[in-house]
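J.: Kindly generate the complete structure, drawing on both the sequences and the hints.
Listed in order, the protein sequences are those of chains A and B.
Numbered according to my numbering, the first sequence spans residues 3 to 97.
Numbered according to my numbering, the second sequence spans residues 444 to 773.
Hints were generated in silico from the structure; no laboratory data involved.
Be aware that a few hints might be false.
[To be verified] Within a straight-line C-alpha distance of at most 30 Å, the following computed DSSO-like cross-link-like pairs (lysine-lysine) qualify:
no.	chain 1	residue 1	chain 2	residue 2
1	B	K688	B	K480
2	A	K58	B	K617
3	B	K688	B	K641
4	B	K766	B	K567
5	A	K80	B	K484
6	B	K526	B	K641
7	B	K480	B	K676
8	B	K526	B	K676
9	A	K58	A	K18
10	A	K18	B	K480
11	A	K58	B	K767
12	B	K567	B	K667
13	A	K58	B	K480
14	B	K480	B	K617
15	A	K80	B	K480
16	B	K617	B	K567
17	B	K480	B	K667
18	B	K484	B	K676
19	B	K484	A	K58
20	A	K58	B	K526
21	A	K18	B	K617
22	B	K667	B	K641
Nothing here was measured: the structure is a model prediction, and the numbers come from that model.
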Amino acid sequence: MSNEDWPLYEVFIRAKSGLSHRHAGSVHAADDEMALDHARDVYTRRNEGVSIWVVKSSHIVASDPCESSAFFEPAQDKIYRHPTFYKLPDGVENI
Amino acid sequence: MYTQGLDQKPAQKDTSKAIEAPEDIARFQAHVDAEEKIEPKDWMPAAYRRTLIRQIAQHAHSEIIGMQPEGNWLTRAPTLRRKSILLAKIQDEAGHGLYLYSAAETLGVSREEMVNQLLAGTAKYSSIFNYPTLTWADIGAIGWLVDGAAIMNQIPLCRCSYGPYSRAMIRICKEESFHQRQGYEIMVELCRGSDEQKQMAQDALNRWWWPSLMMFGPSDAESKHSAQSMAWKIKRFSNDELRQKFVDVTVPQARFIGLTVPDDDLEYDESSGHFRYGEIDWQEFMDVLAGNGQCNRERMRTRREAHSNGAWVREAAQAYAAKKSARAAA
Numbered sequence: 003m004s005n006e007d008w009p010l011y012e013v014f015i016r017a018k019s020g021l022s023h024r025h026a027g028s029v030h031a032a033d034d035e036m037a038l039d040h041a042r043d044v045y046t047r048r049n050e051g052v053s054i055w056v057v058k059s060s061h062i063v064a065s066d067p068c069e070s071s072a073f074f075e076p077a078q079d080k081i082y083r084h085p086t087f088y089k090l091p092d093g094v095e096n097i
Numbered sequence: 444m445y446t447q448g449l450d451q452k453p454a455q456k457d458t459s460k461a462i463e464a465p466e467d468i469a470r471f472q473a474h475v476d477a478e479e480k481i482e483p484k485d486w487m488p489a490a491y492r493r494t495l496i497r498q499i500a501q502h503a504h505s506e507i508i509g510m511q512p513e514g515n516w517l518t519r520a521p522t523l524r525r526k527s528i529l530l531a532k533i534q535d536e537a538g539h540g541l542y543l544y545s546a547a548e549t550l551g552v553s554r555e556e557m558v559n560q561l562l563a564g565t566a567k568y569s570s571i572f573n574y575p576t577l578t579w580a581d582i583g584a585i586g587w588l589v590d591g592a593a594i595m596n597q598i599p600l601c602r603c604s605y606g607p608y609s610r611a612m613i614r615i616c617k618e619e620s621f622h623q624r625q626g627y628e629i630m631v632e633l634c635r636g637s638d639e640q641k642q643m644a645q646d647a648l649n650r651w652w653w654p655s656l657m658m659f660g661p662s663d664a665e666s667k668h669s670a671q672s673m674a675w676k677i678k679r680f681s682n683d684e685l686r687q688k689f690v691d692v693t694v695p696q697a698r699f700i701g702l703t704v705p706d707d708d709l710e711y712d713e714s715s716g717h718f719r720y721g722e723i724d725w726q727e728f729m730d731v732l733a734g735n736g737q738c739n740r741e742r743m744r745t746r747r748e749a750h751s752n753g754a755w756v757r758e759a760a761q762a763y764a765a766k767k768s769a770r771a772a773a
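T.: Structure (structure tokens):
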């Protein structure tokens with residue numbers, strides 16, 4: 003039997019209903035089911051969550067920080083997407 | 444993101460001993476100086492990466508070995524309440540080790556590599572765990588003093604420049620506070636008990652006080668890595684500053700329950716507002732670090748045995764996972 007590390011899983015936890023899942027850390031596990039058990043034991047010993055997602059780290063596709071300025075550049079000059087861009091006359095209400 | 448897989452490219456670039464471009468170094472340092480976090484895929488100097496891997500791995504190993512001195516009293520805890528608390532604390536130590544191993548893995552080192560270094564004895568762990576736990580009061584003293592010293596060290600690490608380490612430390616610090624309080628509570632109860640119980644508490648303080656002060660590491664004059672770690676904002680305070688803070692908060696806690704800190708030179712200095720403490724026996728520290736403390740060999744033997752005794756469980760889990768995925772594919 004191979005002595006290699008079990009695959010790495012990223013752990014995402016929903017702290018309470020109504021909130022989105024948030025990255026908490028990672029665990030190694032032999033399979034998906036064990037990854038959930040390990041994530042529970044490692045990251046929710048004090049009721050930190052009501053729901054856990056685990057996903058194999060190798061399945062995550064991430065943007066490259068070295069390229070981030072070019073990658074996010076298209077949004078940079080579009081300040082008209084923000085409400086504060088618009089000047090409205092004084093006295094107008096509820097807008 | 445905590446993934447090791449995502450991090451392989453920069454790790455390879457760094458280990459190839461490529462010359463680091465001055466503009467990369469300058470950009471990195473500016474980032475750090477602006478109190479922005481460094482994340483796994485960001486460019487970082489190879490030496491920063493190495494320093495963090497060493498420090499985080501040592502920290503993780505300390506949590507793992509740190510389960511042993513306390514585990515010694517698990518079956519002999521005086522009440523079910525104490526036993527449940529101690530068990531929860533030891534489980535936390537395992538959890539802390541795992542948070543930290545994950546954080547180190549984001550820097551491109553594998554879990555297996557770190558575990559093997561610990562088992563081979565080539566990686567260090569905190570010298571404090573090479574002292575024996577002789578009485579139940581030692582469990583109190585460890586929580587109060589050892590975890591107290593650890594908290595002093597760890598709170599500034601929550602602001603460490605490396606994101607995954609900083610996030611792991613935030614989680615750990617939240618949990619450590621319970622560790623320290625349960626320890627002090629044990630000491631309080633012993634001090635309110637019979638003369639023998641109070642004596643037991645005093646004896647534990649006598650044995651754990653100086654090793655706890657040593658936990659902060661060599662004095663600033665002797666500390667090898669401090670200046671660079673401060674510039675990289677891995678470290679925020681010097682060893683001596685943290686040690687002084689620990690003494691200042693802990694001495695009144697000892698006096699509050701009628702215990703005497705075992706230091707004849709200890710005195711309060713009105714002008715500075717700090718307690719002056721006596722000379723630390725650095726020879727003892729160096730001896731323990733070199734592997735010649737009272738329990739170094741026992742700790743390593745226990746860790747190796749636990750690892751090899753668990754081999755069949757790891758193999759079985761892997762075989763089961765392989766069988767299940769083969770069935771699913773069929």
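J.: Tell me, which hint numbers fail for this structure?
T.: Violated: hints 4, 8, 20 and 22.
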